[in-house]
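Protein sequences appear in the order of chains A and B. Residue numbering for the first sequence follows our numbering, beginning at 396 and increasing consecutively. Residue numbering for the second sequence follows our numbering, beginning at 14 and increasing consecutively.
Just to be clear, a hint being listed does not mean it is correct.
[To be verified] With a straight-line Cα cutoff of 27 Å, these simulated DSSO-like cross-link-like pairs (lysine-lysine) come out:
(1) Lys474/A with Lys826/A
(2) Lys721/A with Lys390/B
(3) Lys260/B with Lys282/B
(4) Lys782/A with Lys451/A
(5) Lys718/A with Lys554/A
(6) Lys293/B with Lys282/B
(7) Lys282/B with Lys185/B
(8) Lys349/B with Lys916/A
(9) Lys43/B with Lys607/A
(10) Lys196/B with Lys718/A
(11) Lys566/A with Lys698/A
(12) Lys474/A with Lys43/B
(13) Lys727/A with Lys474/A
(14) Lys721/A with Lys293/B
(15) Lys561/A with Lys653/A
(16) Lys601/A with Lys566/A
(17) Lys43/B with Lys718/A
(18) Lys260/B with Lys897/A
(19) Lys194/B with Lys293/B
(20) Lys244/B with Lys256/B
(21) Lys782/A with Lys800/A
(22) Lys721/A with Lys185/B
(23) Lys194/B with Lys1052/A
(24) Lys605/A with Lys474/A
(25) Lys196/B with Lys185/B
(26) Lys293/B with Lys718/A
(27) Lys782/A with Lys691/A
(28) Lys282/B with Lys718/A
(29) Lys653/A with Lys718/A
(30) Lys451/A with Lys727/A
(31) Lys607/A with Lys451/A
(32) Lys718/A with Lys349/B
These are computed hints drawn from the structure, not numbers from a lab. As the structure is a computational prediction, the values presented were derived from the model and not from experiment.
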Amino acid sequence: MKYYYVRFLVCMAICLSFCTVLTAQNRLDSIQILDEVVVTAKSYREVIPAQRLSGKELESLNSHSIADALRYFSGVQIKDYGGVGGIKTVNIRSMGTNHIGVFYDDIQLGNAQNGQIDLGQYSLDNIEEISLFNGQKSDIFQSAKDFSSAGSIYLRTRKPEFSYGKVYNLKGNLRFGSFGVLNPSALVELKLSENMSLSLNTEWLKGNGKYKFRYRRVNPAGEIAYDTTAVRQNGDINATRLELGMNQRFNTGEWSLKAYNYNSERGVPGAIVNNVWRRGERIWDTNSFVQASGQKDFGRNIKTQLKAKYAHYRTHYVNNDDKQIKVDNLYKQKEFYSSLSAMAGILPNWDVSVAYDFQWNSLESDMWGFVWPVRYTNMVSAATAFKWKGLKMQASGVGIFVNDKVREQQAPPPKNVFVPAFFASYQPFEKHDFTLRAYVKESFRMPTFNDLYYADMGNAQLNPETAYQYNVGTAYNRKNSKGFFRNIKFQGDVYYNYVDNKIIAYPKGQQFRWTMLNLGKVDIRGIDVSAQTTMALFRELMMTVRAQYTYQRAIDITNPEDNYYRHQIPYIPWHSGSAVVNLSYRTLMLNYSFIYVGERYNQQENIRYNNTQPWYTSDVSLTYGFRINRVSSKVCLEVNNLFSQDYDVILNYPMPKRNYRATLTIEI
Amino acid sequence: MIKDSNKKYRRTGACLLVFLCLVFVFSCRKLEIVVPTEYEIISDNTYSSSSSVRGMYLVNEGNMGSNKCTLDYLDYPTMLYARNFYAEKNPNVVRELGDVGNDIQIYGNRLYVVVNCSHKVEVLDAHTGVRIGQVDIPNCRYIRFYRGYAYVSSYVGPVLIDPNAPLGAVYKVDTASLEVKAKVSVGYQPEEMEIIDDYMYVANSGGYRAELGYDNTISVIEMEGFKQVEKISVSINLHRVKKDNRKQLWVSSRGDYRNVKSNLFVLAKKSGYNRMEVIKTMDIPCSNMAVHGDSIYLYSTEWNDFAAQNTVSYAIVNTLTLEVVSRNFITDGTEKDITIPYGIAVHPENGDIYITDAKNYVSSGTLYCYDRYGKRKWSVRTGDIPAHMVFLYK
């Protein structure tokens, strides 16, 4: 009964929002409201623009972490194990997490061990913009790495901007709420000289991670078979983040430096199975890196860029469960990365670029029989961009050369691959921002250290996994300074991806022993659509509606003999989407967001037993900003999972019921 | 002009609204219903009504963490195969049967299912499949019976004596009250057991201690006093123990998956002595076996690093001559359909051979039935990782 009620409520909410649209038509007003100016260093030749979330729009979404915010992009699937400390990984267009590059201030975050970035570990606190590119960032002045992933996410941290006469900015933030969360953060920005600034950002997140979840089953007659509510245990987190940034601009370029340290202790809540309601796994992470980048222009036609990074990741994993095998392992990853790139303008409408990247990775562990792998990666890229009237074209190629060295074992043969890509867009009408676009790209994911060398399971003979992408689409943008519709944006893409030599776990002999093999083949066809509009409803009452829908058919075409041949691959829903409605009146803002993930299967075989139900949550937030003298303050109240849906994203990892959060921000 | 556009917006809006409502009706969550049993009819008319065997239970292990341990039942008189009947028979059990089944046995009128990662032994009525109760035993592995008591091997013995390598134990459970009455420490990570003449023989694997050295012993427990009286050295990483009708023990070793290969050993008492000792090393790999009359049917799955694939082999061993009689009991060439044999059983009366195929561990497996001459009779889809079988008598 309750479900029908919820469904009714949601339908009503949608109806109401549309009614508002319909009845508001007549109230055209004459007040002009300027669109928020987003300070983004937009590349002048980005062929296919990204999906972006930034500024206020990003702030108003009830997101605990970057992974939560990414749910609002089309073509994205998030694996979320639940709670504040739960692992969250992202997958774009069903190609697999390892094909995705995540860039923090333009330098890639690495994890040579398993190739997956846990986005739950990255805070939204200091992030100003998140952008997602399918294929690659279609800009040619970038490092070789930027050309190599099958899809990329760019996280840009806040850059200090000082209003006239100010030499410092102070910002304090305090969040608290469900899961026993206490999350203060502070930001100090100093103007050292006219062109130079320094920023220091710290954050502490503490939570007991406890939340109620519920499992309920009925028998076919509709009677309750069981209905159990329990509290999620061992999901606590205690984490600190420290970020120091410096940058200087000068006439012919700029440089910036960033130091980052993240420290956490987390419980791993584990799967909820019959008779097991808590587990004893714990993880300590210490991730630190220092990165620097500098850009210098020589004359009008030559630009150069230098980047360097050193990272150290330490992971300590302990399983304290008396009933299971005791594990106490320490892993240390080190990474050094440097990149040199240059771009030259040959003609006013024709540019070429080259880049060379070098990366060194190592993984140490006290695990028994570990081979202490070291990897040397060299990457060379060349790219060109051409523009003629409304036509923009770009071609790029990267050669990737990987060499591994291991202890007491023969190193596998070097892996050399070439990653070509071609992007084009065409704007047929000069007066309308309407574009048609297309790209093709081939990319690889290198087998990770775990794939190759993990205890008994790794397979040193693995080849890189390949992804082929073909995409056509269209985009339309319109901005009006007056009238009812202030802004309309639309994007739609149709794509076909093919993943070959997919690295999968294959059973080896007896008793849950596995090895990795290049066995899989996946055929992916999908549609991504997103639209956004801002409406001036009445005087300063503005409404922004953002909606996104993804259709994906991602089937396993490995072997006709398999009983899951041509079945949808695990955890990829056919339908997913989101809608955000934002109402603002001066400094008061009401935000409603809805996320839908359709029916999917939790294993390869699409049989009833493996079926996982759709889930959809509604989140609401109310923000009010006010000023007391020179201090501007903001209060935000959030309710997440408003209708308290009981759902799993990953089988046996129950997600929280309704939860709350309050945020207080002070800026001086 | 303005009016026109308003009309247009209204129409678009209305269309969108209808569309959205439709989407909602079709895409909402449904009430989560207890997973229903699936039935399949198997065409096999060789059943004789004089047979004392009524049916066969099969436990599907399910991959770790998936909570997909399920029970299937084959009813011989009707040849009806019931797939995953537990939830429907016992809808009130929270989170169903559990995570990773590891053994199934019948004692009296009760069916005992050892659910390893749910740390319990589930007790059902063997004729109806209805739950009677459960016994909580941490990391339990195999179950055997002796004079009204169930004996369960467990990886967890005396907790916290040596946190790095706790010894395993055998738990003694009163089958009437379903209470743990006693436990005795054995070797590291004990697996299968067998009882002959008031002594229990427990295969110790040491599977958690690859880096410290596998266990290589059989623990001998004297049943009346319930004490470990002896440890017999056999080979590393022992797994299976089966007794034949000559009171001999057949013990398999998994090897270390590297240099030491899987092997099969025969233990027996020399006349005049009360001590089991290895009387023959068979020198064939063995993953699992089933005893039928004077024959032991066995298969082996071993990973071959060079070929990067599993090497599967089958054999029949004679318990009298202790010789390998045949290197393949499947005679019609259909063994190539089996990816990973994972369980074996032989019908006690008609000699039909049952072999399960676990495939890739994370999809439905298959149960194959061969007649006593090794010809394929039929096959049926099972749950994930079909593994252990037991026959139900009338």
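Which numbered hints are broken by the structure, listed smallest first? 1, 2, 4, 5, 11, 14, 17, 18, 19, 21, 23, 26, 28, 29, 30, 31 and 32
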